[in-house]
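Protein chains in written order, with our numbering: chain A, 1 to 516; chain B, 1 to 516.
None of these hints come from the bench; they were simulated from the model. Hints may contain errors.
Stated by the list, open to error - In silico PhoX-like pairs for lysine-lysine, Cα to Cα no more than 20 angstroms straight-line: (1) B/K107 - A/K322; (2) A/K312 - B/K322; (3) A/K107 - B/K322; (4) A/K312 - B/K312; (5) B/K312 - A/K322.
2 protein chains.
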Amino acid sequence: MSEALRQFEAVVGKEWVFSSDEDVDLYRDSYSPFWHEPEERVPSAAVAPDAVEQVQQIVRIAGKYKIPLWTISTGKNLGYGGSRRTPSGTVVLDLKRMNRIIEVNDKNHYALVEPGVSYFDLYRHIQERGLKVWIDPPDPGWGSLIGNALERGGGYTPMRDHFDCHCGMEVVLANGDVVRTGMGALPNARTWQQYKYGFGPAVDGIFSQSNFGVVTKMGFWLLPEPEAYFSGTVMVPKEDDIHALVEIFARLLNSGVVQGTTSVLKTVDFGPPDPQLAAVRVGASTSDLERYVAQKGLGYWTLDLPFYGPSKVIAAQWEHAKEQFSWIPGVQFRDGASYTFPLTREAIEKIPEPRSAWNPEPHHVCDRRSVQPGPYVVFADHPDDRCRGARSDQGVRAGLSRSRIADRRASWSADLVVSSREPSSSSTSFLSSTISRRTVRNREIFRRLIKAAAEHGWGEYRTHTAFMDDIAEAYSYNNHALRRLHETLKDALDPDGILAPGKNGVWPKRLRRARA
Amino acid sequence: MSEALRQFEAVVGKEWVFSSDEDVDLYRDSYSPFWHEPEERVPSAAVAPDAVEQVQQIVRIAGKYKIPLWTISTGKNLGYGGSRRTPSGTVVLDLKRMNRIIEVNDKNHYALVEPGVSYFDLYRHIQERGLKVWIDPPDPGWGSLIGNALERGGGYTPMRDHFDCHCGMEVVLANGDVVRTGMGALPNARTWQQYKYGFGPAVDGIFSQSNFGVVTKMGFWLLPEPEAYFSGTVMVPKEDDIHALVEIFARLLNSGVVQGTTSVLKTVDFGPPDPQLAAVRVGASTSDLERYVAQKGLGYWTLDLPFYGPSKVIAAQWEHAKEQFSWIPGVQFRDGASYTFPLTREAIEKIPEPRSAWNPEPHHVCDRRSVQPGPYVVFADHPDDRCRGARSDQGVRAGLSRSRIADRRASWSADLVVSSREPSSSSTSFLSSTISRRTVRNREIFRRLIKAAAEHGWGEYRTHTAFMDDIAEAYSYNNHALRRLHETLKDALDPDGILAPGKNGVWPKRLRRARA
Chain A
1 MSEALRQFEA VVGKEWVFSS DEDVDLYRDS YSPFWHEPEE RVPSAAVAPD AVEQVQQIVR
61 IAGKYKIPLW TISTGKNLGY GGSRRTPSGT VVLDLKRMNR IIEVNDKNHY ALVEPGVSYF
121 DLYRHIQERG LKVWIDPPDP GWGSLIGNAL ERGGGYTPMR DHFDCHCGME VVLANGDVVR
181 TGMGALPNAR TWQQYKYGFG PAVDGIFSQS NFGVVTKMGF WLLPEPEAYF SGTVMVPKED
241 DIHALVEIFA RLLNSGVVQG TTSVLKTVDF GPPDPQLAAV RVGASTSDLE RYVAQKGLGY
301 WTLDLPFYGP SKVIAAQWEH AKEQFSWIPG VQFRDGASYT FPLTREAIEK IPEPRSAWNP
361 EPHHVCDRRS VQPGPYVVFA DHPDDRCRGA RSDQGVRAGL SRSRIADRRA SWSADLVVSS
421 REPSSSSTSF LSSTISRRTV RNREIFRRLI KAAAEHGWGE YRTHTAFMDD IAEAYSYNNH
481 ALRRLHETLK DALDPDGILA PGKNGVWPKR LRRARA
Chain B
1 MSEALRQFEA VVGKEWVFSS DEDVDLYRDS YSPFWHEPEE RVPSAAVAPD AVEQVQQIVR
61 IAGKYKIPLW TISTGKNLGY GGSRRTPSGT VVLDLKRMNR IIEVNDKNHY ALVEPGVSYF
121 DLYRHIQERG LKVWIDPPDP GWGSLIGNAL ERGGGYTPMR DHFDCHCGME VVLANGDVVR
181 TGMGALPNAR TWQQYKYGFG PAVDGIFSQS NFGVVTKMGF WLLPEPEAYF SGTVMVPKED
241 DIHALVEIFA RLLNSGVVQG TTSVLKTVDF GPPDPQLAAV RVGASTSDLE RYVAQKGLGY
301 WTLDLPFYGP SKVIAAQWEH AKEQFSWIPG VQFRDGASYT FPLTREAIEK IPEPRSAWNP
361 EPHHVCDRRS VQPGPYVVFA DHPDDRCRGA RSDQGVRAGL SRSRIADRRA SWSADLVVSS
421 REPSSSSTSF LSSTISRRTV RNREIFRRLI KAAAEHGWGE YRTHTAFMDD IAEAYSYNNH
481 ALRRLHETLK DALDPDGILA PGKNGVWPKR LRRARA
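Okay, chain A solo, but in the shape it has when bound (with noise of 0.2 angstroms):
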C-alpha cells in the first residue's frame, strides 16, 4: 500500500494523495446505518487525478498492487452510502478535481462534463452565458451529473431518467484503456452528443450501478428553455379512486400530454399541517376520513401535474387532462404555480417555500433540502427503499399496504413518484426522529421490506451500499443468471478485481466466496 500511495503521488502530486486519519475521516459516511458499530468500514486512503491520463496511470498502479478503488466524484452520496463500504484497504478514487464543462451546446441542447461538475456547476455556468438551456437537477444541487445518472437518479422536467438522457460517454477501463462509447468512438466525432448508439454492440448500460470502469466524460441532453411553467391541481375525493386517477395519469404521461415528474399524494398524510387531523386520525376509518377532507374541501388524493412548454399548449393539454379526470365523481381541479421564462430574480424570490422541486434553478433545489437540516432528514432518504412497484392499480393499492409493514415499528412515509413510461415507484423513506432509532432496528425492517417487496414481484432500482447485497439477491431468477451474467463481466473487464468490489451485488472473481 505505502509503495502504491507514493506512485500516485508521483502521478498526482504529493497534496492529492490522502492519508492521514483526519482526511481520510472526510471519505466517511456521515450517514452509515452502521455508524459507530465494527461494521462501519472506512477507506485507507484517497486519491484525486485531474485528468484522464492520471485515472488511467492511478488504475493500472491499483492493478499492479491489487489495490482496489472506490470511485466518487462529487456531491454527497447521502443515504446511498457516501464514499464507502468495500474490503478493507480501499482506496477512494475522488473524480471532485476533473470539473471542466468541455461544451454546452444550446442549438442541439447538450452538455459534455466531467465526472466532478455538479448541478450547480453547470447552472451557473448556462447562467452566465445566457444559454437558452434548462438543467434537471435532483433534489440537492451539489451533485454530479455524471454520479447521478450512473446510479440512475431522477429529476422534475421532461429530461427526468438522467441515466436515458445522457448520450456518450468515456471510460477508463481496470486495463487503462480509454474508451468512447457511441458516435465517439469515431475520431473527431461531430455527433457525439446526438446519436445514442454508434455502431455495433451498445455498452453505456453496463457502465451505470456499476464497478466495470471509471466513467470521466459524459453528455447529457438538455432542455430547451421553455416558454412555460404550469402546475395543475387534481383532486379525487374517494380512496378507491386512486385505480382511475393512476389509469388516467398513465395514459396522459404515455401519450407526451404530461411530460414531468409527480407525486399522488395522499391528503392527510401529505396535505398542510392542521391540528385538528391529528385528533381525526386517531382509530380513523378510511370513510372517516374521506369526510373529513371532504369537509375541509381537499381531496383524498391529490397530484399536482407539471407542464412544460408553450403557453397555448399548455393551457390546452391542462383541458384536454382535466376532461380526462372529469371521468371520476366528485374531481375538483385547481390552477397552481404559472411561471414564464426566463424569471427575473426578483420573481424567483417570490416564490414560495419550499421552493418547487421542478424549478430548474439549483439554488431554490438547495433551499428546499436545508429547510429541514438535520440527519433525521437526511436520514429520511437513507437505507432508502426505491422499490419500483407496479403502476397497475392493484399494484398501487399493494404498495400501499406494504408500507404499513412498517408502520407501528418506525416512522415511515410513503408516496408515489409516478413519471413517464416508469411504474409507479413507491418510494417508502423512514423518518425517525432520533438517531439512536436508526440502527438495529430500522436495518432490520428494511431487510423485511427488501423481502415482502420481492415477493409481491417488486424490487429496489437502488440503494445504500450497506444494502446492495440484500437487495441483488432478490434478483434471483434462473439461479441468479444476470448475477452470474455481470460477474462474467466483470472477470472479463476487471480480472484483478480493483474496480469498487461489491459494488450493486458485483464481487469479483477473489472475494465472490466471501458474499455467500
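Knowing the structure of chain A, use the given hints to seat chain B on it.
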C-alpha cells in the same frame, strides 16, 4: 456438421432442420451486392426452434461442434444482408416459429413478444381485441419487432426509436444460460415491461447490433391511441433557409412540441413529378431553382411536421410552430392530413396513395412499399449509407455536399431524416435503375462514402453485412478501443465464437486474424 444436424433434429424435429439446397436457397440474400459472384456466401443449413428451451439446446450443440449460428427471426432484412454472410458452414438459427404475443397491456401501454412476431401480427392482435394502443411500424410491416429494435430501426410516431422504446429482454447466452434483464431478473416480476434498468449494470444494450446472445423475448412500450393526427407543412424559399429551418425544428423536437419523425426535403428532388422541372434542372443554379419553386408557389425546402395527440393540443402546437418558423422571411404554411381515431375502414381506404408512412396500420405501410416493387427499389435501401451526420447547420450543409460525392457515378438520393434528439441522419440511398449497375462500381462508391463521412466525423449506424467491417474500421478512436472492448466481451460471453461471427465487425478470437 452432419452429427450436429442430427442432434438439432432430435431437439426440434426432422421437419425443422433444413439442409437441402432447395431449402437453404430460401435463406440466401436475394439482394446481395455479391449476387452470383464468388464472394457471395450461402449458409449450410437452417434450424427453426419453437421454444426457448430448444434455443438453449441448439446453442449448446453448436458450441460442442464449434458450428457458427446466424440468428434471424422474421422479415426480410432487405438491404442489410438478409440472413447471411459469415464463415462457410454457418447454420441459420431461424426463430420465425417463436411467434407468441405473450402480453399486450393497454392500461400501462406495453407488449411482450417473441422474435417471430411481426408488426403485422401485433397489429392484428391489437385490432382484433379493440385495444387502445398503437404500434410503431417501420416502412415494411412484415419485419420482426425484436429484429428491428435490435438493429436499431425506427418508425414515425413518438415511439420511433425502437431500441429505446424496448423494456426488458430474455436472452439465451452462448453457454445456453437464459437471462432476463431489468426487472425481469426478479422472479414473478410485476414491472418487467415498465422499468428498464432493474438493479446493477444494465446489460440490454450489449445485445443490440451484436453477437453476444440470442434474444428470445422483448418488451416494447406502445403509444396510447391518440385522439388525432395532423400534418402541417412548412415551406421556405431559399437554399440557405435550411439553417434556420433545422434550428427551429430542433428546438421544437427537443421541447416535445413535435414528437414524431419527419424529413426535410428538397422540393426539386422530392416534390410532385413535373416535366417542366426536368428542363429547368439542366445546368440550373441555386437561384434558378429558387425562382422555379417560387413560381410554382412551393418552397425550396419542405418540412412536414407530424403531430399526435388531443386535437386541441395539436392545434396549439401547430400554432406555436408557425409562430416560430415565421422568423424565416417568405415562409409558407399548409395544413395537411388530419385524422381522428379510431378510423373507420372506409376512412382508411380514402387515405391517398402513397399512404402516410406514419400510419400505424401496417397494411398501408406495406402498400406504400408494394406500389414500387422490383429490385431497383429494394436496392434503394441496399448498401444503405445510413449516416449519422450532425444536426448543426454546417452538418446539414456538408451532409448535402457529401451526397454529391457519388452523384456522377451512380443514381442516388439524399434526404434529411430528423427525429427527436437524433442528428439529421443524412440518409443517402442508391437508386440504381438496372441490376447490372449494382455490383462492383457501387460497392466501390459506397466504401468511398464511408471514408469520406469518417473524415468529416460522421459514421453509419447500420449497414449491409457485407460492409460491417468497413464501418467498424471507421470507429477507431484510441486505436479501436471500443472494438477491443467489444472483443473482450465477445470472448467472455462466447468463447467458442459460435454466435454470428463478424456481425457488426465483432469477430471471435479464432477468426480475428482473418479480418486483418
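- [ ] Could you grab the alpha-carbon distance between B/K312 and A/K322 and see if it respects the 20 angstroms cut-off?
- [x] Holds, at about 13 angstroms.
Open item on the list: Would the hint linking A/K312 and B/K322 be met if the CA-CA limit is 20 angstroms?
Closed with: 13 angstroms, holds
Task: Pair hint outcome, A/K107 versus B/K322 [Cα-Cα no greater than 20 angstroms] - done: 19 angstroms, holds
Open item on the list: Check whether the Cα positions of B/K107 and A/K322 lie no farther apart than 20 angstroms.
Closed with: 19 angstroms, holds
TODO: Sort out whether B/K312 lies within 20 angstroms of A/K312, counting only the CA atoms.
DONE: With a Cα-Cα distance of about 10 angstroms, the restraint between A/K312 and B/K312 holds, given a limit of 20 angstroms.
In summary, the structure agrees with every hint in the numbered list given earlier.
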